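Engineer: Numbering (the working numbering), first residue to last: 1 to 207.
No lab work stands behind these hints, which were simulated from the structure alone.
Keep in mind the model is a prediction, meaning the values are calculated, not measured.
Treat the hints with care, since some could be wrong.
What the hints assert, rightly or not - Each computed BS3-like pair below joins lysine-lysine, with the alpha-carbon atoms no more than 30 Å apart:
#1 Lys50 with Lys103
#2 Lys122 with Lys187
#3 Lys187 with Lys155
#4 Lys133 with Lys122
#5 Lys103 with Lys128
#6 Lys25 with Lys53
#7 Lys128 with Lys118
#8 Lys103 with Lys133
#9 Lys140 with Lys122
#10 Lys53 with Lys115
#11 Lys133 with Lys15
#12 Lys103 with Lys118
#13 Lys140 with Lys115
#14 Lys15 with Lys53
#15 Lys187 with Lys128
#16 Lys25 with Lys133
#17 Lys187 with Lys133
#18 Lys103 with Lys115
#19 Lys50 with Lys15
#20 Lys133 with Lys179
#21 Lys118 with Lys140
#22 Lys140 with Lys128
#23 Lys103 with Lys155
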Amino acid sequence: MMITPGIVSATFREKTAEEVIALCKAAGLEAVEWSENAHINPGDIERAEKLHKQTINAGLQIAAYGSYFRLGQNEDAEEAFRISAITAEAIHAPVIRIWAGTKASADASPEYREKLVKETRKICEVAKGYQLKVALEWHKNTLTDTNESAMEFLKAVDHENLYCLWQPTVALSMEERIKGLDLLGTKLLNLHIYYWPNGTRRPLSEG
Numbered sequence: 001m002m003i004t005p006g007i008v009s010a011t012f013r014e015k016t017a018e019e020v021i022a023l024c025k026a027a028g029l030e031a032v033e034w035s036e037n038a039h040i041n042p043g044d045i046e047r048a049e050k051l052h053k054q055t056i057n058a059g060l061q062i063a064a065y066g067s068y069f070r071l072g073q074n075e076d077a078e079e080a081f082r083i084s085a086i087t088a089e090a091i092h093a094p095v096i097r098i099w100a101g102t103k104a105s106a107d108a109s110p111e112y113r114e115k116l117v118k119e120t121r122k123i124c125e126v127a128k129g130y131q132l133k134v135a136l137e138w139h140k141n142t143l144t145d146t147n148e149s150a151m152e153f154l155k156a157v158d159h160e161n162l163y164c165l166w167q168p169t170v171a172l173s174m175e176e177r178i179k180g181l182d183l184l185g186t187k188l189l190n191l192h193i194y195y196w197p198n199g200t201r202r203p204l205s206e207g
């Protein structure tokens, strides 16, 4: 498996897009996941097209569009998602990140899970129309907060256009983290990595 190193722009949300690109180049990275609400707002097509040109002209790739669309939060989920999808298409992102709801898996009722399953299938179909793969954020207080819940959700949705991101969840042991990576298999798209021993952010070189 070939890994392309990059940066999630929200890591430096206080910096301009130009500064993020410069930092990416200085660090020898090759790609950027542009974060919604940090460096681009949903629906700002002009900004998206400009960011695409800036990124490509700097010799970098666009890894993904990091949306903050959350399942189960919108009355018309397809239309709400479409705004982010159009923006992701304009920035030429191959992947759009979404969030698996707002509840920890331990607090999610079967009815809640089923609602999100049905909504996700619709979202995945909308994304296909924009040549986008959909990837769930691997995060606490969502349905991807444990290996078991994440895999159960992916299996329930059962859609060829649904994938998952991964990050080293602090609440899980090292063994559980590695197991999660193995379980995802071909459903894994991108990795979000960091080194936070005891909740303190440290350079990756130390980990």
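Engineer: Under the constraints set out in the numbered hints, which ones does this structure not fulfil?
Structural biologist: Going through the list in order, the structure violates hints 1 and 10 and respects the others.
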